[in-house]
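A.B. asks: With the sequences and hints as input, model every part of the structure.
There are 2 protein chains.
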Amino acid sequence: MFRDLILKNRSYRRFYESESISGDTLKELVDLARLSPSGANRQSLKFHLSAGDMNDEIFGTLSWAGYLKDFDGPEPGERPSAYITIINDNDLGGGEVNAGIAATGILLGAAEKGLGGCMFGAVDRKKLAAYLKLPEHMEIVLVIALGRPKETVVLEDVKPDGDIKYWRDANRVHHVPKRSLEDIIYNCK
Amino acid sequence: MFRDLILKNRSYRRFYESESISGDTLKELVDLARLSPSGANRQSLKFHLSAGDMNDEIFGTLSWAGYLKDFDGPEPGERPSAYITIINDNDLGGGEVNAGIAATGILLGAAEKGLGGCMFGAVDRKKLAAYLKLPEHMEIVLVIALGRPKETVVLEDVKPDGDIKYWRDANRVHHVPKRSLEDIIYNCK
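Protein chains in written order, with numbering that gives the first Met the number 0: chain A, 0 to 188; chain B, 0 to 188.
Be careful, since some hints might not be right.
Cross-link-like lysine-lysine pairs, in silico, BS3-like; alpha carbons within 30 Å at most [to be verified]:
{"no.": "1", "chain 1": "B", "residue 1": "K26", "chain 2": "A", "residue 2": "K177"}
{"no.": "2", "chain 1": "A", "residue 1": "K26", "chain 2": "B", "residue 2": "K164"}
{"no.": "3", "chain 1": "B", "residue 1": "K164", "chain 2": "A", "residue 2": "K158"}
{"no.": "4", "chain 1": "B", "residue 1": "K26", "chain 2": "A", "residue 2": "K7"}
{"no.": "5", "chain 1": "A", "residue 1": "K112", "chain 2": "A", "residue 2": "K177"}
{"no.": "6", "chain 1": "B", "residue 1": "K112", "chain 2": "A", "residue 2": "K26"}
{"no.": "7", "chain 1": "B", "residue 1": "K112", "chain 2": "B", "residue 2": "K177"}
{"no.": "8", "chain 1": "A", "residue 1": "K7", "chain 2": "B", "residue 2": "K112"}
{"no.": "9", "chain 1": "A", "residue 1": "K158", "chain 2": "B", "residue 2": "K177"}
{"no.": "10", "chain 1": "A", "residue 1": "K177", "chain 2": "B", "residue 2": "K112"}
Just so you know, the hints here were simulated from the structure itself, not pulled from any lab data.
C.D. replies: Here's what the structure looks like:
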């Protein structure tokens, strides 16, 4: 069932870095994004793939897990094996909603393959744009890090204090509080 | 395979309106969005559900298929059976990428159930916000129309002239030109 794939698709931040992901696999994932909806069918997004060659540079532009004060990103050996950078061609139209659609297709496709990853909006865009030699009209929207996950992520209910910050326990299990269905359904009556 | 679900999830604009969608089904779909990633886990999105009671009002706020000059939206009898309006609580953070993620979960879940729909960014937000009695800090990001699809949508390659406008043939089959994988992969070398 699709719900199982949704549940499998957690945000992972530690990986078996030695397990590589091929360029062909990355292309298969981008093809899922290609076949997804796009506002006014403009298809303004472009995708940069790194299956190794630019991993170090891209890693250095990402801010990891802001709520974990003792975690500045994964150590060598636990870093992502690949990255897909989602870029919007502003000459073709807007891209934020479209990037969310594309990234979801990519990450659900990765989950089906036993891979996992994490979306980054907190990116040093100036630095990464220089690495990628992006022309002026092309703007980085998101970076997706990918690998075979090396951590356990569990969902739990948001407590009455309303705190939504994820946290790690002593066994390095990553806990993510989720709001209830009742809480997110808006009733205007 | 997940790719089959991606392919099944086309943007539909004509439906069997007499086939209703229950509130419970809409809640199941929103639950998929609830369990999806959210930037910094803020979960700033709220979801308004209409399984009939507000359909006419919501329909009147949507702009349908801008490229089809002879189609001003579906006729009575072919209109959506339900709507999910995605609203961002701006007090909790930003929402465009998150709305794209949420809408994708909802529409893929709908496709699995034999339903289909269409995302709308072209919404008369002022009018709809008044219908929904939204407070100042809550902003409509997207409307998703849902129903059992009554049309055939086919993908085709973008032609050399680069035209991405969808079109309808004499049999009312809806054609959607998609860019090639080579065209959307950005190579900085």
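A.B. asks: Output the indices of the hints that this structure fails to meet, ascending.
C.D. replies: Hint check: 3 and 9 fail, others pass.
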